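Novice: Keeping their order, the protein sequence lines are chains R and C. Sequential numbering of the first sequence, starting at 1, is according to this note's numbering. Sequential numbering of the second sequence, starting at 1, is according to this note's numbering.
One or more of the hints may lead you astray.
Said to hold, decoys possible - Distance condition first, Cα-Cα at most 25 Å in a straight line; then the derived DSS-like pairs of lysine-lysine:
| hint | chain 1 | residue 1 | chain 2 | residue 2 |
| --- | --- | --- | --- | --- |
| 1 | C | LYS116 | C | LYS100 |
| 2 | C | LYS256 | C | LYS222 |
| 3 | C | LYS190 | R | LYS77 |
| 4 | C | LYS259 | C | LYS222 |
| 5 | R | LYS70 | C | LYS256 |
| 6 | C | LYS92 | C | LYS222 |
Claimed, not checked - Label pairs and their in silico Cβ distance ranges:
| hint | chain 1 | residue 1 | chain 2 | residue 2 | range |
| --- | --- | --- | --- | --- | --- |
| 7 | C | GLY172 | R | LEU23 | 24 to 34 Å |
| 8 | R | ASN107 | C | ALA343 | 30 to 40 Å |
| 9 | R | THR111 | C | THR93 | 22 to 32 Å |
| 10 | R | ARG91 | C | LYS256 | 35 to 45 Å |
| 11 | R | GLU49 | C | GLU178 | 24 to 34 Å |
| 12 | R | THR114 | C | PRO127 | 52 to 62 Å |
| 13 | R | GLU103 | C | THR93 | 27 to 37 Å |
Honestly, the hints are just simulated from the structure, not real lab data. Small disclaimer: the values here were computed from a predicted structure and weren't measured. The C-beta atom is built at its ideal place from N, Cα and C for all residues, glycine as well.
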Amino acid sequence: MADLQVLHHIDELQLRYIRALDLRDMEAWTACFTADTEGYRCVSRENHEQGLPVAMMLDDNPGRILDRAKFVQDVWKGTFEDYATRHFVQRLSCRALDDGAFEVHSNVLVTYTTQGGGSEVLVAGAYVDEVVARDGGYGFRRKDAILDTTTPARYLVYPV
Amino acid sequence: MMNENPVALAWPEKGNEVPKAVFQREDIYRLELERIFHGAEWHPVAHVCELAQPGDYKTMDVGEVPVLIVRGQDGEVRVFVNACPHRGTQLKTEARGRAKMIECPYHRWTFNPQGKLMGAPGLQDFPASFQKDDYGLRQVRSAIVHGLVFATLSDETPDIDTYLGVSAGTIGRVFGGEGELCLLGYQKVKFNTNWKEYSDNEGYHAPLLHGAFRLLQWQGGKGEILATDRAHKVTSAQLNHAPDNGYLNDYSLIEKFDKNQPPESIVVTLFPVTIVIRHLDTISVRYAIPRSPHQTEVHYAYFARADDSEALQRHRVRQASNLLGPSGLITLEDGAVFNRLHAGSRSPGEVEFQRGVTDDYHYPRQLQQNDEAGNLVRWEHYRQTMGFERG
Numbered sequence: 001m002a003d004l005q006v007l008h009h010i011d012e013l014q015l016r017y018i019r020a021l022d023l024r025d026m027e028a029w030t031a032c033f034t035a036d037t038e039g040y041r042c043v044s045r046e047n048h049e050q051g052l053p054v055a056m057m058l059d060d061n062p063g064r065i066l067d068r069a070k071f072v073q074d075v076w077k078g079t080f081e082d083y084a085t086r087h088f089v090q091r092l093s094c095r096a097l098d099d100g101a102f103e104v105h106s107n108v109l110v111t112y113t114t115q116g117g118g119s120e121v122l123v124a125g126a127y128v129d130e131v132v133a134r135d136g137g138y139g140f141r142r143k144d145a146i147l148d149t150t151t152p153a154r155y156l157v158y159p160v
Numbered sequence: 001m002m003n004e005n006p007v008a009l010a011w012p013e014k015g016n017e018v019p020k021a022v023f024q025r026e027d028i029y030r031l032e033l034e035r036i037f038h039g040a041e042w043h044p045v046a047h048v049c050e051l052a053q054p055g056d057y058k059t060m061d062v063g064e065v066p067v068l069i070v071r072g073q074d075g076e077v078r079v080f081v082n083a084c085p086h087r088g089t090q091l092k093t094e095a096r097g098r099a100k101m102i103e104c105p106y107h108r109w110t111f112n113p114q115g116k117l118m119g120a121p122g123l124q125d126f127p128a129s130f131q132k133d134d135y136g137l138r139q140v141r142s143a144i145v146h147g148l149v150f151a152t153l154s155d156e157t158p159d160i161d162t163y164l165g166v167s168a169g170t171i172g173r174v175f176g177g178e179g180e181l182c183l184l185g186y187q188k189v190k191f192n193t194n195w196k197e198y199s200d201n202e203g204y205h206a207p208l209l210h211g212a213f214r215l216l217q218w219q220g221g222k223g224e225i226l227a228t229d230r231a232h233k234v235t236s237a238q239l240n241h242a243p244d245n246g247y248l249n250d251y252s253l254i255e256k257f258d259k260n261q262p263p264e265s266i267v268v269t270l271f272p273v274t275i276v277i278r279h280l281d282t283i284s285v286r287y288a289i290p291r292s293p294h295q296t297e298v299h300y301a302y303f304a305r306a307d308d309s310e311a312l313q314r315h316r317v318r319q320a321s322n323l324l325g326p327s328g329l330i331t332l333e334d335g336a337v338f339n340r341l342h343a344g345s346r347s348p349g350e351v352e353f354q355r356g357v358t359d360d361y362h363y364p365r366q367l368q369q370n371d372e373a374g375n376l377v378r379w380e381h382y383r384q385t386m387g388f389e390r391g
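For reference, chain R alone in the conformation it holds in the complex (with noise of 0.2 Å):
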């Protein structure tokens, strides 16, 4: 286990991570991975445990993260219907790697509520994560959203 400060660092990163996707702020949600970052991957548990490469969302790169930011904000704008989201997330791991940085497992659950004023589960899963400290901060090198749920209730506008 990594000492308190680390986790408080690496918490405050996860925390976040949920409050720019909770705002729909994709700038702030691109600002947790790290420039060099290999990246964002949301996956179903199903392909994930098969070992089926595809994804709802593979953004292995720096600047497929920066395009995932412009789809929502730019090119979908007008188009989908808006939800918002909560995400609550609870750490269950954090193990130092041999390079320096860290990998944490967490579970996440989040709800969304309709522009009608509904709320539901949208999705229930895990991120597993490699977290480094670069340039003062931390920051993600790798996220993985690992979802439980194969079939959500709706279409994912915005990452998990």
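Place chain C on chain R using the hints.
Specialist: Relative to the frame of chain R, chain C by itself:
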């Protein structure tokens, strides 16, 4: 008369109008299950590469009937009702798996992957007339075309070649001709829409919806639509090369990687609800399952060619994930429209088709790429199957 109708619905006289009630009414939905999903139509349920090894199985629903698709030890792919022939217990619960034997949990009847009943505990206490051979898994009529497994619950469905017509050849073109495919994975999503709003608008429509085409200065090329006798629709279009105008940080998202084919979009919209599509480098079958008049579940299955280079396969995965799935750059906007059409169809009246309609009372079979009229052949088949009278 077969089509005598227990459900009353006044159908407009004009060929390009469809009453919105068909997207909403529960009684119409029940009749659709009976006449279409459980009726004389073929429904794709799997591609053989989803069941690569003997004992591999997949569960699906045909309408409301659960089916189990299994590759036998003899290599053959069969479709069974996913219920024990004894007391009707559901046999397999997971989406996919592999098993040497299929065992019912209730009374431990076991079946081999060819569906034969191999053992039933307490057999000595069964009636003397009980024959094990009579209690194999209930097989569903099936056919395989270019690796795509079709099932039908009706004995009256025409043979698969008659049924598919020219769309069979196009399915082969989508899959890239001879040679095997391999499974890359699934995306699954529920849309708050009626299955007909989904199939009416999926894989076909004016490019106006898509912000991406405008931002990427991506103009469509030449294309055409052909409707078959059984109301399947084949749409093919050349895709113009989208210039790298700097909008995307990762241009590979919309790149044509496989130089053995031209950049094109080939879409087979099979009646009632399945889409078989190749767009740029993605090869996909979109299985759709109606869940209610108001909800449609779609399983996007993606494939690579078995002889792809590692780089091409990787490209297909990246394009499938970020371009053409439910959260893809292009396709997300389709999902938004499915849901909004359904919310809008609660209003009274008819939906209308305009572009490509040359005559109010006839249905053109050969059309331009973005013509709406291509769907009217489907609607006419639907109307007749459902037994709704015009006028």
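Novice: Next, verify each hint and record whether it holds.
Specialist: Here's how the hints hold up against the structure:
As the CA atoms of LYS116 (chain C) and LYS100 (chain C) are separated by approximately 12 Å, the hinted pair is consistent with the 25 Å bound. A distance of roughly 17 Å separates the Cα atoms of LYS256 (chain C) and LYS222 (chain C); the hinted pair therefore holds under the 25 Å criterion. Distance restraint check for LYS190 (chain C) and LYS77 (chain R): the Cα-Cα separation of roughly 21 Å lies within the 25 Å cut-off, and the hinted pair is therefore satisfied. With a C-alpha separation of about 19 Å, the suggested pairing of LYS259 (chain C) with LYS222 (chain C) holds against the 25 Å cut-off.
A C-alpha spacing of about 22 Å is found between LYS70 (chain R) and LYS256 (chain C), which places the hinted pair at or below 25 Å, so the restraint holds. Of the pairs offered as hints, the one joining LYS92 (chain C) and LYS222 (chain C) is violated, with about 46 Å between alpha carbons and a cut-off of 25 Å exceeded. The hinted window of 24 to 34 Å between GLY172 (chain C) and LEU23 (chain R) is violated, with their beta carbons roughly 49 Å apart. Distance hint check for ASN107 (chain R) and ALA343 (chain C): the Cβ-Cβ separation is about 33 Å, which falls inside the suggested range of 30 to 40 Å.
Hint check: THR111 (chain R) to THR93 (chain C), Cβ distance near 27 Å, so the stated range 22 to 32 Å holds. Look at ARG91 (chain R) against LYS256 (chain C): about 43 Å separates their beta carbons, and that is inside 35 to 45 Å. For the pair GLU49 (chain R) and GLU178 (chain C), the supplied restraint of 24 to 34 Å holds, since their beta-carbon distance comes to about 32 Å. The supplied range of 52 to 62 Å is met by THR114 (chain R) and PRO127 (chain C), whose beta-carbon atoms lie about 56 Å from each other.
For the pair GLU103 (chain R) and THR93 (chain C), the beta carbons lie near 32 Å from each other, so the given range of 27 to 37 Å is met.
Figure legend: structure checked against the earlier numbered hints; hints not met, in rising order: 6 and 7.
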